[in-house]
Every structure is written in C-alpha cells, then in structure tokens.
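> Respectively, the protein sequence lines represent chains A and B.
In this text, residue positions in the first sequence follow the numbering used here: the first is 46, and each later residue adds one.
In this text, residue positions in the second sequence follow the numbering used here: the first is 69, and each later residue adds one.
What the hints contain is simulated information worked out from the structure, not anything from laboratory work.
A hint or two may mislead.
[Unchecked claim] No farther apart than 25 Å at their CA atoms in a straight line, the calculated lysine-lysine pairs in the DSS-like style are these: (1) 236(B) / 252(A); (2) 247(A) / 130(B); (3) 236(B) / 247(A); (4) 252(A) / 189(B).
[What the hints assert, rightly or not] Derived coverage of chain A by chain B (criterion: at least 3 residues anywhere in the stretch with Cβ under 8 Å from a Cβ of chain B; other residues may be distant): (5) 182-189; (6) 296-310; (7) 432-446.
Using N, Cα and C, we set each Cβ at its ideal position, and we do this for glycine too.
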Amino acid sequence: METAIDIIEKPVKETIKITGSQALLNALIAENVDTIFGYPGGAIMPIYDALYDYHEQLKHILVRHEQGGIHAAQGFARASGKVGVVFATSGPGATNLVTGLADAQIDSTPLVCITGQVFAHLLGTDAFQETDVINITTPVTKWNYQITDACEIPEVLAKAFYIARSGRPGPVLIDITKNAQLQLFDYAGYQSCDHIRSYRPKPYIRKEFIEAAAALINAAEKPFVIFGQGVILGNAEQEFKAFLEKSGIPAAWTILGLSALPTDHPLNMGMLGMHGNYGPNVMTNECDVLIAIGMRFDDRVTGRLDKYAKQAKVIHLDIDPSEIDKNVKATVGVWGDCKETLPMLTRLIQTKVYPQWIEKFRAYQKEEEKEVIVNELYPSEGQISMGEVLRVLNELTKGEAIVVSDVGQHQMVACRYAKFNQTRSNITSGGLGTMGFALPAAIGAKFGAPERAVVAVIGDGGIQMTIQELGTIMQTGIDIKILILNNQFLGMVRQWQQLFHDKRYSFVDIASPNYVTVARGYGISGETVKERNHLKDALQRMLSHRESYLLEVMVGKENNVFPMVPQGCSVSEIRLK
Amino acid sequence: MQKQEFTITVYTENHIGLLNRIAVIFSRRKINIESLNTSPSEVEGIHRFTIVIDELEEVVRKLVRQIEKQVEVLKAYYNTNDEIVWQELALYKVSTDEIAEKVKVERLLREYGARAVVIRKDYTIFETSGHREETNRLIRVLEPYGLIEFVRSARVAIIKASSGFHEKIKEFEATDPSDDLIENEYLGKQQEIFSM
Numbered sequence: 046m047e048t049a050i051d052i053i054e055k056p057v058k059e060t061i062k063i064t065g066s067q068a069l070l071n072a073l074i075a076e077n078v079d080t081i082f083g084y085p086g087g088a089i090m091p092i093y094d095a096l097y098d099y100h101e102q103l104k105h106i107l108v109r110h111e112q113g114g115i116h117a118a119q120g121f122a123r124a125s126g127k128v129g130v131v132f133a134t135s136g137p138g139a140t141n142l143v144t145g146l147a148d149a150q151i152d153s154t155p156l157v158c159i160t161g162q163v164f165a166h167l168l169g170t171d172a173f174q175e176t177d178v179i180n181i182t183t184p185v186t187k188w189n190y191q192i193t194d195a196c197e198i199p200e201v202l203a204k205a206f207y208i209a210r211s212g213r214p215g216p217v218l219i220d221i222t223k224n225a226q227l228q229l230f231d232y233a234g235y236q237s238c239d240h241i242r243s244y245r246p247k248p249y250i251r252k253e254f255i256e257a258a259a260a261l262i263n264a265a266e267k268p269f270v271i272f273g274q275g276v277i278l279g280n281a282e283q284e285f286k287a288f289l290e291k292s293g294i295p296a297a298w299t300i301l302g303l304s305a306l307p308t309d310h311p312l313n314m315g316m317l318g319m320h321g322n323y324g325p326n327v328m329t330n331e332c333d334v335l336i337a338i339g340m341r342f343d344d345r346v347t348g349r350l351d352k353y354a355k356q357a358k359v360i361h362l363d364i365d366p367s368e369i370d371k372n373v374k375a376t377v378g379v380w381g382d383c384k385e386t387l388p389m390l391t392r393l394i395q396t397k398v399y400p401q402w403i404e405k406f407r408a409y410q411k412e413e414e415k416e417v418i419v420n421e422l423y424p425s426e427g428q429i430s431m432g433e434v435l436r437v438l439n440e441l442t443k444g445e446a447i448v449v450s451d452v453g454q455h456q457m458v459a460c461r462y463a464k465f466n467q468t469r470s471n472i473t474s475g476g477l478g479t480m481g482f483a484l485p486a487a488i489g490a491k492f493g494a495p496e497r498a499v500v501a502v503i504g505d506g507g508i509q510m511t512i513q514e515l516g517t518i519m520q521t522g523i524d525i526k527i528l529i530l531n532n533q534f535l536g537m538v539r540q541w542q543q544l545f546h547d548k549r550y551s552f553v554d555i556a557s558p559n560y561v562t563v564a565r566g567y568g569i570s571g572e573t574v575k576e577r578n579h580l581k582d583a584l585q586r587m588l589s590h591r592e593s594y595l596l597e598v599m600v601g602k603e604n605n606v607f608p609m610v611p612q613g614c615s616v617s618e619i620r621l622k
Numbered sequence: 069m070q071k072q073e074f075t076i077t078v079y080t081e082n083h084i085g086l087l088n089r090i091a092v093i094f095s096r097r098k099i100n101i102e103s104l105n106t107s108p109s110e111v112e113g114i115h116r117f118t119i120v121i122d123e124l125e126e127v128v129r130k131l132v133r134q135i136e137k138q139v140e141v142l143k144a145y146y147n148t149n150d151e152i153v154w155q156e157l158a159l160y161k162v163s164t165d166e167i168a169e170k171v172k173v174e175r176l177l178r179e180y181g182a183r184a185v186v187i188r189k190d191y192t193i194f195e196t197s198g199h200r201e202e203t204n205r206l207i208r209v210l211e212p213y214g215l216i217e218f219v220r221s222a223r224v225a226i227i228k229a230s231s232g233f234h235e236k237i238k239e240f241e242a243t244d245p246s247d248d249l250i251e252n253e254y255l256g257k258q259q260e261i262f263s264m
C-alpha cells in the first residue's frame with residue numbers, strides 16, 4: 046500500500062484522498078520537523094491516530110503537562126535554531142499553552158503549535174473541552190488560524206512555518222477542528238511558502254541609513270555596542286564578530302544576547318541591565334555613540350528611560366521596524382536583518398582601537414571584582430554561594446555546556462557568571478520571566494542539540510512549578526543535568542522585600558520536598574551538597590554521570606544579587622551593595 | 069505635544085479574527101477607539117479599516133507600527149484631520165405627523181442637507197452626512213419636534229495625498245520588494261521626526 050509519506054517524495058500530478066491528519070503530518074515532514082512535544086486528548090485524537098503510523102519519521106515526546114510541552118519546544122528551538130512543534134488538545138490542553146506562547150512571543154522563539162478543536166458544528170455551543178483558543182491566544186501569537194476544512198491544511202501549515210521562522214520569529218498557533226482532522230480530501234502535495242502579500246518579514250535596507258550609521262561610528266570617540274538575541278536569531282554571530290573586531294568597539298549583551306559572543310572575547314565587556322555589570326551600565330551614560338544591535342531596550346536593560354543614554358547618539362539595528370523608536374529614540378535607525386546590515390556597515394567603517402576608552406571599562410570591572418565578584422565566586426566561609434557553584438561548573442564544563450536557567454536570583458547569577466564558547470548556549474526566559482521554564486526547556490534543548498551537555502540551573506521555587514517533567518526525563522531516558530540552587534526562599538522577591546519593603550518577608554519562605562527522593566522516584570540519581578569542600582566532586586559526579594542527574598546545592602539563604610539598578614533608577618545609579 | 073484626533077487607515081486581508089487582532093493593540097494600551105469603520109476597499113479581497121482615536125502623535129506612530137506588524141495587515145497610515153476629508157452618516161427618525169403639521173421642520177431639514185429615506189404614516193427617516201458637530205447640531209434642532217431615534221455611523225475618511233491602493237497592491241504581490249517601495253516612511257524626514 047502506498048502510504049501518505051510516499052506522496053511528498055515524488056512530484057504529484059494527480060490528487061489522492063488522504064485525511065486532514067495525514068496532510069498535517071506530511072506537512073511537518075516536508076518542513077523537516079523530526080521532533081514533536083505533545084500531549085494527546087479527545088479533540089486531537091485523529092492526529093494522534095495518524096501519528097501512530099509515522100513514528101519512524103516523527104519523534105513524539107510525551108510530556109507531563111502542555112506547559113512543559115511548549116517550554117520544551119522553546120528550548121528545542123533556542124538550542125537548534127529550528128522551529129519547535131507542539132501538539133495539544135482543545136480546551137485545557139490549549140489554555141495550558143498560553144504561558145509558553147506569551148514567553149515565545151516576547152522572546153521571539155519560532156514555534157508552530159497545533160491544537161485540536163471540537164467538531165466545527167459544535168463551535169460556540171460550549172461543547173465538552175471547547176474554548177475560544179484563537180481569541181485567547183491572539184495577543185500572544187505572531188499569527189494564529191482555525192482550520193475547519195481539511196483542504197486548507199497544506200497551505201495553512203506552509204504559511205505557519207514560514208511566518209514562525211521568518212523575519213522576527215515568533216509562535217504560531219493552528220487550531221484544527223476534529224472534523225477537519227478526520228476529513229478525507231483531494232491532496233495535491235505540499236508546497237512550502239515563501240511569500241505572503243501582506244507580510245514583509247524583512248524591511249527594505251536603506252543604504253543611506255547604513256552610511257549615516259557608519260559616519261557616526263567613524264566620528265565617535267567613545268562608542269559602545271549593546272547587542273541582543275537578534276544576532277543569534279539572524280545567525281549573524283560571525284558578521285557581528287567581524288564588525289566588532291574591525292571597529293574595535295567594546296560590547297555588552299542583554300541576557301538573550303548572551304553567548305552570541307564568546308565570554309573571553311577581548312571586546313566582551315559583560316552584561317547590561319538591572320543585575321548586569323558595573324562598567325556596561327555606567328558607560329551607557331558616558332558613551333558618545335550607542336550602537337544597539339538586535340535588542341529592544343527592555344526596561345530591565347534601560348532602567349529609568351528619561352535618564353538613559355541621553356548624551357549619546359543612538360544607532361539602532363533591528364529587523365522589526367516597530368522596535369525602532371519604541372523605547373529609545375534612534376538618531377539613525379537601521380532597518381533590516383543584521384546578517385545583511387552588519388557586513389554593509391563593516392565595509393564602511395574604519396579599523397580602529399579605543400585603548401583608553403576600554404581601559405575605563407576595565408577600571409569599573411576591577412572595582413566590581415573587588416566589591417562583588419571575588420566575594421561571590423571565592424567565598425572563604427559561610428554557606429556556599431550561587432556564584433561559586435557557577436564558577437566551579439565553568440571550570441568543569443570549560444564553557445562547552447548549554448546552560449538553561451529558570452527565573453530569579455540564580456538566573457541572574459547564571460547569566461552573570463556562566464562562561465560560553467559557542468552560540469545558542471544560554472537558554473532562559475528573558476522577557477516574560479517564566480518560573481518553571483528551565484526544566485522542560487532543558488529537555489527540549491537536549492533534543493535540539495543531542496551532542497551537547499545540557500545543565501538546567503533552577504531555584505527551589507521554579508523547580509516546583511514544573512517538577513512533573515521529571516516524568517518526561519524518566520520515560521525518554523534523556524541525559525540532562527538538573528542543578529537546583531536551594532536558598533530555601535523565593536530569593537529574588539525576598540531580596541526586594543529586604544531592600545525595599547523593610548525586610549517584611551511576605552510569603553517567600555517556600556518549603557521544598559526531598560528532591561533527591563523525588564528524583565529517585567522517577568529513576569533519576571541525585572544528591573544534595575551542603576559543604577563547600579564537597580561541591581566540586583559533586584558537580585563532577587553530576588557531569589560525568591551517564592544519565593540524567595539531580596544535584597541540589599544548599600546555598601546561602603539571604604544572599605543578594607549585586608550589582609543592582611533599583612527600579613526607577615538610572616543605569617548610572619547602579620549599586621554595588 | 070497635545071492629544072489630538074488622528075484617523076488611522078488600515079488595509080488588511082479579509083480574514084476572520086483580524087478585527088480582534090487590531091482591537092487588542094488598542095485595548096492592551098488602554099486606548100479608547102472613538103470610531104471604527106471596516107468595509108471592503110476598492111481592491112477586491114482587501115478590507116479597509118478607518119479608526120479614530122484621540123492621542124499624542126508619538127503614541128499613534130507606535131500604534132501604527134504595531135498594527136502594520138500584524139501578518140495580515142498590508143499597510144497602515146495615520147493622519148491628522150487637516151490631511152483627510154471625512155464624513156459620518158446620520159439617520160434621524162421623527163414623527164410624520166409632527167413634520168406634516170410644522171412645515172418649519174422640513175425647511176430645517178433642507179437647510180441641513182437632509183433627505184428623506186423612508187416616509188411612513190407614523191414616522192419618517194431622514195439621512196444626512198457631515199462632521200460630528202454638524203450631525204449633532206441637527207439632533208438639537210430636531211429634539212423639540214420629537215426626535216424618536218438617532219443613529220450615526222463611524223467616520224469614513226479619504227486621505228487627501230493618497231493615490232489609492234491599486235498600485236500599492238501590485239508591490240505587495242511582487243515577490244521581491246522593488247527599489248521604490250517606501251518601507252521607511254520617515255526617509256528623508258529625519259530632522260522633522262527625531263528630536264535628537
């Protein structure tokens with residue numbers, strides 16, 4: 046018997062009758078999808094039934110909760126650069142995706158989510174597990190669409206993949222009614238999409254703006270580059286490095302831009318923003334030309350906006366025209382994909398070095414090291430600090446691992462101190478700050494980059510939000526390292542309560558289960574370490590274990606993350622303590 | 069800068085759900101839509117939205133970029149009242165007896181350029197169009213004569229400088245953006261637009 050899969054292999058001259066579900070799976074294969082994260086249910090059963098025959102081409106990872114599924118797809122997309130694919134059923138299955146959609150939307154992660162929906166004739170009748178998924182997800186998707194007729198499936202799926210991955214990437218949700226999944230229709234093959242008349246993924250690049258930007262850079266005495274995930278999403282790491290090295294300009298990153306430039310690169314000045322490095326924050330308000338590349342001036346990066354880089358001429362490179370002038374007015378806005386605009390700019394700029402200017406960054410760095418970093422990375426007494434865990438981890442992984450962090454103090458510490466030699470190594474929930482992101486995202490990252498070591502750094506709060514995904518690890522036998530930094534508090538909120546609410550610790554003392562026992566229940570080995578002199582060996586055991594491993598490190602209860610730009614303050618008012 | 073009336077014109081695909089996608093751009097920012105009209109444009113398959121809001125130009129400029137960013141939106145423009153010609157349609161229902169008795173009413177209606185759409189024994193419906201103040205004035209004039217019901221449409225507006233959408237659509241349908249496609253509407257207006 047000819048299977049539906051054979052059909053896409055050869056040019057189709059005649060149509061053949063297949064079901065909507067088969068057409069959907071053909072579309073996934075044609076788009077080179079090999080991994081799906083999902084959870085079955087009533088309204089998506091015809092698709093799962095068809096999937097039964099496709100298990101050789103499509104690997105389906107059964108998660109424990111749809112939120113875990115979508116975060117895993119995000120981790121997969123961020124690690125691999127491919128589109129993450131999620132299956133969920135109607136109603137609660139679909140609404141459980143919302144947090145992940147919002148996260149993917151704000152962090153520009155390419156996803157195609159397929160949700161089942163009740164039969165078309167039941168729409169609007171409050172049928173079992175019916176919910177208005179399209180309208181619920183409109184504000185948190187780049188595009189969404191409901192299919193009620195199987196004939197639409199090939200074309201809509203082609204559009205979905207094109208929209209998700211092109212331009213500024215983002216999540217797409219396709220809701221398919223059960224009748225369309227079951228419907229037999231005349232299938233004429235799959236054609237991928239590369240043009241939608243109402244959609245311009247990349248703005249037209251204007252030479253005059255490249256020239257204006259180059260003129261500003263060439264005349265600058267104290268230029269400063271700040272970069273974000275746009276460099277990674279545009280696969281423009283090499284172009285970025287070439288630009289940086291010719292221009293000689295010091296550069297700092299947002300947490301989503303982290304790992305686009307190796308940590309040890311001589312022009313890498315560190316992290317921007319609320320818990321970023323001292324120099325990059327202060328120098329933002331001292332530079333004469335600020336060159337922002339593929340970043341969107343989030344409030345956690347800019348601090349108080351009316352005191353942000355007011356002295357500087359701002360050059361803003363972005364693929365999304367709506368980002369230019371949104372938060373910070375650009376002197377020159379360079380619209381376009383930085384993979385294309387950076388080489389154009391590099392050609393026009395002079396080869397330069399700024400030793401005295403960079404020396405100023407170094408001076409701030411020395412001060413930060415003395416006041417903050419040495420104490421954080423090399424404490425001699427008291428409880429283990431989060432920073433020293435990251436330092437030892439760096440020593441053991443040598444910057445080769447993918448680090449997936451959750452949200453909170455440990456996230457800031459991981460971003461500040463983790464070392465990276467290659468791109469797509471730092472995976473974290475930046476814009477949305479989704480606690481519970483790291484464990485499922487790490488699972489997805491491992492499927493996206495199976496050859497790499499994946500370490501999930503998670504707090505004692507975040508791990509409890511999606512701990513059920515230990516079941517996914519158990520069932521798939523995947524190898525990820527779970528590093529819980531347990532300070533027995535919801536640490537970031539506690540830090541704010543200490544600093545800004547007179548130490549009124551309101552509902553931040555969170556209790557933890559025995560994580561090692563929980564992990565053992567899932568067949569995952571683990572241990573807890575409390576003593577400094579056991580830390581390195583424990584981390585080594587975790588990393589060299591051949592399967593997943595959970596290591597809980599008890600860290601200082603009331604340690605704070607510094608430096609810090611308090612909310613409502615200018616980046617130059619950054620506090621070292 | 070002060071808040072003022074802006075008319076936003078949006079050309080879109082004719083797809084279900086697009087109205088919501090555009091509406092949430094306003095509601096998310098707690099911006100009230102004063103008037104909204106949507107209907108097919110002169111180009112087949114393309115819908116035209118006309119949205120009126122009272123806002124700062126800076127806010128409107130950002131809103132329009134957010135609207136244009138939507139996958140199914142072809143183009144969005146914003147204009148001040150000087151840059152457009154606009155009208156609103158108004159319908160007035162009055163008692164036929166009243167107007168039969170008082171000839172003055174008919175004279176009034178003529179003065180306001182109203183015409184009768186329906187004349188029945190019990191009521192007559194007049195229609196007129198104009199700016200908000202004009203149609204409002206007629207309400208006040210008719211009230212003493214027993215205005216039974218009134219309804220007004222959203223604003224429809226023509227952009228004075230626009231040359232229509234027939235040419236524009238060809239550019240959108242082209243697979244490669246042509247050189248003269250003005251993607252950056254602020255090109256060459258740097259001095260006017262940017263304060264820095």
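> Out of the numbered hints, which ones does the structure contradict?
The structure conflicts with hints 4, 6, 7, although it agrees with all the remaining ones.
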